[in-house]
Structure formats: structure tokens, C-alpha cells
Amino acid sequence: AQSVTQPDIHITVSEGASLELRCNYSYGATPYLFWYVQSPGQGLQLLLKYFSGDTLVQGIKGFEAEFKRSQSSFNLRKPSVHWSDAAEYFCAVGGLAGGATNKLIFGTGTLLAVQP
Amino acid sequence: DVKVTQSSRYLVKRTGEKVFLECVQDMDHENMFWYRQDPGLGLRLIYFSYDVKMKEKGDIPEGYSVSREKKERFSLILESASTNQTSMYLCASSLSAGLYGYTFGSGTRLTVV
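Chains as they are written, first to last, in the working numbering: chain A, 1 to 116; chain B, 1 to 113.
With the rest of the complex left out, here is chain B (with noise of 0.2 angstroms):
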């Protein structure tokens, strides 16, 4: 089975740091995704990657920046993080979307405090 890893489960951070929250996939899946999870809100797409140094937009990237650097890692960077990017972050990984779905890591709690 596919393994989508996200290297922290709850992380803290102070306004205005500088956050990184990684994810790899072990088989060699070209898209990866990150979302993140709000009450009443549901899943909301911040970035994407279809192929190594390539990213797109999704639909809330404001306050967030990626990079792909490699197939296998796709990581999320929170350029100054705030109190309103308190949320859960969950990263996924697929060969075809429409085709197999995803497979998602376990998501990241994190707190901006």
C-alpha cells in the first residue's frame, strides 16, 4: 500500500515564525496535494503538484508557499504564520486522481499561538 507520511502530528508555532510541514509518498506518485481542514468548512485545497518543481494554486494559497524539490516530498511552508492558520493539514498523493483517488498522510494539527 501506498504510505503518505507527514512529519508531525501537532505542532506549535508563535506568530510571524516560519513553519514547515513536510510530506513524502513512497510510490512514485506524480500529484501531490495539500489541504487543510476546518470546522463546518470541509477540505480546502492550498497548493498542488502535478510533477517535480511544478505547483499550482488551489483554491486558499494566500499565506502559503510550496516546493517540490523531489517526486517523493512535497512540503508546505507558512512564510509568516498566523493565528487564523490555526488548522488541520492534511497532504495527499496520487497517481490519477479520477482513476485511484487519494491517499492521504495523517494530518498535521497545528496551533499559531
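Isolated chain A, as found in the complex (with noise of 0.2 angstroms):
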């Protein structure tokens, strides 16, 4: 079955600490990763995504990830964090499946707080 795994609900972190936060999927095809970013009551932005090539990705707001084919994760990461990086983070796996079957899975996200 296709699925998301984000193992962790709630991670906190002080400021100027680095982060990671862990994805692990499950999917029959070539894999499309996605990570977005959900400030309180907004709707999600997209941070980061992978298609094929260099397995580290870099996205806005200075956040990466790396696709670990053997791993079968995709985990975000950012080397400092700045108060502002509070907000719910969810990753999404997709393929190219056309019609109906042309939809991202998301995982049920992880909240970030910071502390000062």
C-alpha cells in the first residue's frame, strides 16, 4: 500500500539548533517527494521537491533533504533554526500516474515549535 510515515508528532528545538525531521514512504512506482510548510491557519507551501538526479535537495526559506532510495526516506533538515520555522511540516509522496490516480499522499505532519 502507498503511505507516509512522519514518525514524529511534536519535535521542539531551540533557536540556532539544527533540525531534522523524518519521512519514510511506501510506494510501487518511481517516487516524486514533496515537503510543505503550514504556518497557523494558512494553507501549505511547498518547500522542497525531488524528482531524479542529485539525491540532496535544496528549498526555499534554507531547508534541504535528502532521498535515501534504500531507506525509503526523505528527511528535511536545516542547519539553524530561526523562530520564524514554527509551523506544521507535512511530506507527500506522488508519481506520474495520470486521471484519477493523479494525487499526492500525504503524511500526518510534524509540529515544530522553537523555543528562544
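FYI, nobody ran anything at the bench for these hints, they're computed from the structure. Computed from a prediction, not measured in an experiment: that's the story for all the values here. Among the hints, a few may not be true.
[What the hints assert, rightly or not] Simulated pairs of lysine-lysine, BS3-like, Cα-Cα distance not exceeding 30 angstroms:
1. B:LYS18 to B:LYS57
2. A:LYS49 to B:LYS3
3. B:LYS57 to A:LYS49
[What the hints assert, rightly or not] Under 8 angstroms between C-beta atoms, here's a sample of chain A residues computed to sit facing chain B:
4. VAL13
5. GLY16
6. PHE34
7. LEU46
8. TYR50
9. ARG77
10. GLY95
11. LEU104
Virtual Cβ for every residue (Gly too), placed ideally from N, Cα, C.
Hints are included, so try docking the two chains, each in its own frame, into the full complex.
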């Protein structure tokens, strides 16, 4: 079955500390992977995406993610967290199927709190 | 940039009312989606549409219907609103979900009293 698992429901880090949010996926075809961020009361904004090629992808706001096929993972990282990074983060997977199957599968999200 | 506009940010409706949530996108995307988001449950797909007048049920279609008469507009209808439909509703559109991901609207916070 196709699925995305974000094992950490809630994470708290100190401002300036490094961050890693975990994402594991199960997908029967070549996966296309995404990370989204949602600030309180807002819609979701795309942070970065992976299609193919270099397994380390850079995104907006200083985030990066690494695709590891052998571990079915796509973890999100940031070297130094800012207070404005407090938000909920969603990992998603999709493929190239068209028509009625053309949709993303989302994880349940990780809520990030940043301590001063 | 693609814009997805949801007609209301906040909405309060009474139990039993028929409720319409409107979503409009401006980039000629074939695919449009309605999700609801509840704490601890993540995003759950209600309905999606991959072409005009085409619709598919998602994971939680009960109590909802949709309409897509024009490519740019995808409406979610709560036939008879109930308190358990109090939620954040998110609309999204996509040219190809796998290649490009989704563009989301800002969401509608619906409260049914």
C-alpha cells in the first residue's frame, strides 16, 4: 500500500539548533517527493521537491532534504532554526500516473516548536 | 505563480444548512482537490476532480458533494451541515501532482453550530 509516515508528531528545538524531520514512504513506482510547510491558519506552501538526479535537494527558507532510496526516506533538514520556522511540516509522495490516480499521499505532519 | 483562491477564510453555519465552499484557480490546471484538516489526523482527501465534470471520491466523501462545471472552479457542498464537519477545509490544484505537486489555497475555517 502507498503511504507516508512521519514518526514525530511534535518536535521542539532551540533557536539556532539544527533540525531534522523524518519522513518514510512506501510507494510502488518511482516516487516523487515533496515537503510542505503550513503556518498557523494558513494553507500549505511547497518547501522543496525531489524528482530524480542529485539526492540532496535545496529548498526555500534554507531547508534541504535528502532522498535515500535504500531507506525509503526523505528527511528534511535545516542547519540553524529560526523562530519563524515554527509551523507544521508535511511530507508527501506522488507519481506520474495520470487521470484519477494523479494525487499526492500526505503524511500526518510534524508540528515544530522553536524555543528562544 | 499559480493562485488558488478560497472564497472565505472563516465561515459559521448552523446545523442543517446547505453550505458551499468555493475554490478558484487561475492557471488552467486539470486537477483540483478538497481536503479537510483536523488536529492529529493530518489532511484527509474528500473529493478530487481531474477534468471538468469529472469527480472521484476521496477517503472521506460521506456528507459532501462537489461540482466542477468550469475548469477553474471546484465547489465543495455540505448538503446538510453537521457539527462534526467543523474543520479547516483546504483546496488545491495541480497540473500534474507527481511532477509539480499541489498549489494550495489559504483554507476555510468552517464552524458548524
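Going down the list of hints, with the structure as the test:
1. B:LYS18 to B:LYS57: holds, 19 angstroms
2. A:LYS49 to B:LYS3: holds, 19 angstroms
3. B:LYS57 to A:LYS49: holds, 26 angstroms
4. VAL13: violated, 21 angstroms
5. GLY16: Hint on A:GLY16: violated, closest Cβ of chain B at ~28 angstroms, above 8 angstroms.
6. PHE34: holds, 5 angstroms
7. LEU46: holds, 5 angstroms
8. TYR50: violated, 11 angstroms
9. ARG77: violated, 19 angstroms
10. GLY95: holds, 5 angstroms
11. LEU104: holds, 5 angstroms
Comparing the model with each numbered hint stated earlier shows that hints 4, 5, 8 and 9 do not hold.
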